[in-house]
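Asks: Input sequences plus hints: build the corresponding full structure.
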Amino acid sequence: MSTLAEPATPYWQVPRLRADQRWLAGVSAAIAAEIGVGALWIRLVFALLTLSGGVGLAAYALCWLWFTYHARRHARVAYVPVPKAADPARRALGVGLIAAGLLALSRRWLPSSVDDTALWPVAVASFGMLLAWSSGKVDWSAPYELMRAAGGLLLVAAGVIGFIVLNFSVGVAPRALLIATAVLSGVVLIVAPWLWRAASQVSRERLERTRADERAELAAHLHDSVLQTLSLIQRNADDQQATIQLARRQERELREWLYGRSAPGAERNLRAALTRLGAEVEELHGVPVEVVVVGDAPIDERVQSALSAAREALVNAARHSGAPRVDVYGEVEGELLEIFVRDQGRGFDQQQVPEDRRGLRESVRGRMARAGGSASVSSSPGQGCEVALALPLRGAEVPL
Amino acid sequence: MTRRIALVDDHELVRAGVRSALGTRVEVVGEAGDVSSAIALIEEKKPEVVLLDVHLPGGNGPAVIRGLPDTSARFLALSVSDAAEDVIEVIRAGARGYVTKAISADELLAAIERVAAGDAVFSPRLAGFVLDAFASQPVATVEDPQLEQLTLRERDVLRLLARGYAYKEIAARLSISVKTVESHASAVLRKLQLSNRRELSRWAAHRRLI
Chain A
1047 MSTLAEPATP YWQVPRLRAD QRWLAGVSAA IAAEIGVGAL WIRLVFALLT
1097 LSGGVGLAAY ALCWLWFTYH ARRHARVAYV PVPKAADPAR RALGVGLIAA
1147 GLLALSRRWL PSSVDDTALW PVAVASFGML LAWSSGKVDW SAPYELMRAA
1197 GGLLLVAAGV IGFIVLNFSV GVAPRALLIA TAVLSGVVLI VAPWLWRAAS
1247 QVSRERLERT RADERAELAA HLHDSVLQTL SLIQRNADDQ QATIQLARRQ
1297 ERELREWLYG RSAPGAERNL RAALTRLGAE VEELHGVPVE VVVVGDAPID
1347 ERVQSALSAA REALVNAARH SGAPRVDVYG EVEGELLEIF VRDQGRGFDQ
1397 QQVPEDRRGL RESVRGRMAR AGGSASVSSS PGQGCEVALA LPLRGAEVPL
Chain B
-5 MTRRIALVDD HELVRAGVRS ALGTRVEVVG EAGDVSSAIA LIEEKKPEVV
45 LLDVHLPGGN GPAVIRGLPD TSARFLALSV SDAAEDVIEV IRAGARGYVT
95 KAISADELLA AIERVAAGDA VFSPRLAGFV LDAFASQPVA TVEDPQLEQL
145 TLRERDVLRL LARGYAYKEI AARLSISVKT VESHASAVLR KLQLSNRREL
195 SRWAAHRRLI
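Residue numbers (our numbering), protein chains in the order written: chain A, 1047 to 1446; chain B, -5 to 204.
Check before you lean on any hint, since a few could be wrong.
[Said to hold, decoys possible] Label pairs and their calculated CB-CB ranges:
hint, chain 1, residue 1, chain 2, residue 2, range
1, A, 1271, B, 169, 46 to 52 Å
2, A, 1331, B, 10, 25 to 31 Å
3, A, 1281, B, 10, 31 to 37 Å
4, B, 5, A, 1427, 18 to 24 Å
[As the list claims (entries may be wrong)] Beyond 10 Å from chain A on every Cβ pair, some chain B residues (computed):
hint, residue
5, 5
6, 65
7, 66
Everything labelled a hint here was simulated from the structure, so no lab data went into it.
In this text, a Cβ means the ideal position worked out from N, Cα and C, and glycines have one as well.
Replies: As structure tokens, this is what we get:
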């Protein structure tokens, strides 16, 4: 058993309430989990303690408050219950012994003058009070919380009335009830407006806090991105190329952030991948790349080949053409994917292609051919260059 | 002949940048930074071409165009790359074209000339938007300007525009005159402005991508 426990884990932790296993509030289940016994045993102990003078109820309420408070303060600390003792039998034995001791003590602790007639109502009332308190915020949209608050108040009333009835003559009860009701109504009348104002102030403050948080997040993002870029631009003002590149990259990033295009899995579509490709090459080679995509298709192995070929063509254009801009146009129409990479740079004579560029072209062509598509390059000196890639898809178009 | 233009953009730096890029090749008659001052400026100075930002304080680009139903000024949307529906919206309001701010000064000058002459200006991005917008509709088999679909020829022209070709290059490639290319572009623009609003917004809502 002890091998499971990490050294850093304290031997005794404050149990966490477990909403999924609760009967009442989950206190018993929480303690049971911490010790490592069945929740039923702990429930039994609480029941026995309650029967012996109502101490169990008060203890339960106290534990509840304690656990709730602790969990709120340490919400970020992961809680992993560590079973105590070597085996379940010993745990059960330990719980039994503790319970027996508490039971025996519960009678001795109390002064002899305090008997059941005083203790029980007080226990019930205090339990009700804690119940009402622990319901926390009064939220009209949470019926469970409301029920808890109402139930708590009811228990308090029952405890008070019980105390009166049990300790004074029965005849006093109706009048006592009347007096109690009158006093309570008075208190409610006095306190209600103040409570109402406090509640509305709390909700207003929460709204303002939310707004402030949003503003802070926005400010943080702008600071990390836009402001940084602006200061970089100021420093690189002499280098036009660097300035343009910085601005373009920032523009793209900001747009992505604003329009939320970086959804997870978006890269599995041609549109996102091609746009991303353009951004990459632009950043790498400092030449603006204008990407336009019409239609969309999911990326499979063959589409990936086409994308790789397009990347080769794009890098080639960015590196060698000397053009101020490269246009990339991707289109999925019916079952045909086409990608065009075009620059208006110096172009070249296709009969006299330098060795390195022919290699590149072969890799573009070869890739497309292996994927079952085709590639063509058209260029002449002074006329720029266009690489056209075509790939038949097998009914893979994404419906619009 | 230098064209008289107005700059409408809420960023002074952008206006200054455009102004210095165009230099003395145009006459800038005024600048405005929001919708109401833009409308006042255009009414007073009557420029030939208005370079209009898509996003403006006080109602965006389309609000400026709609606020001037009788103006003789022609509008060219000039903006950073925006969401498709915003761009389509300003075209539908009556702008004669859309270019991104990445455009070179020479290209921008050519675009201003073209818009001043009453023609349409398609940047590759706008051509892509339009192709996407009409993608769900069948291609018209007859040349009918009233139809809301693109003809085959218009589609060819748009695709070449999206690939980054200039009007002159398109004319050479399709073996037609530049005038014919221009009329195709204008026809596409008209169709975009007249086409079924619901269809387009459905499309735009579907893909808020560049």
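Asks: Each hint: holds or not?
Replies: Quick rundown of the hints versus the structure:
A hinted range of 46 to 52 Å for the beta carbons of residue 1271 (chain A) and residue 169 (chain B) is consistent with their spacing of about 48 Å. Between residue 1331 (chain A) and residue 10 (chain B) the C-beta distance comes to about 29 Å, which sits within the given range of 25 to 31 Å. Evaluation of the 31 to 37 Å hint for residue 1281 (chain A) and residue 10 (chain B) yields a failure: the beta carbon distance comes to about 20 Å. About 41 Å separates the C-beta atoms of residue 5 (chain B) and residue 1427 (chain A), a value inconsistent with the hinted range of 18 to 24 Å.
Residue 5 (chain B), annotated as away from the interface, keeps every beta carbon of chain A farther than 10 Å; the closest lies near 13 Å. The non-interface label for residue 65 (chain B) is consistent with chain A: the shortest C-beta to C-beta separation is roughly 31 Å, beyond 10 Å. For residue 66 (chain B), the non-interface assignment is confirmed: its Cβ lies about 32 Å from the closest Cβ of chain A, beyond the 10 Å cut-off.
In this structure, the earlier hints numbered 3 and 4 are contradicted, and the remaining ones agree with it.
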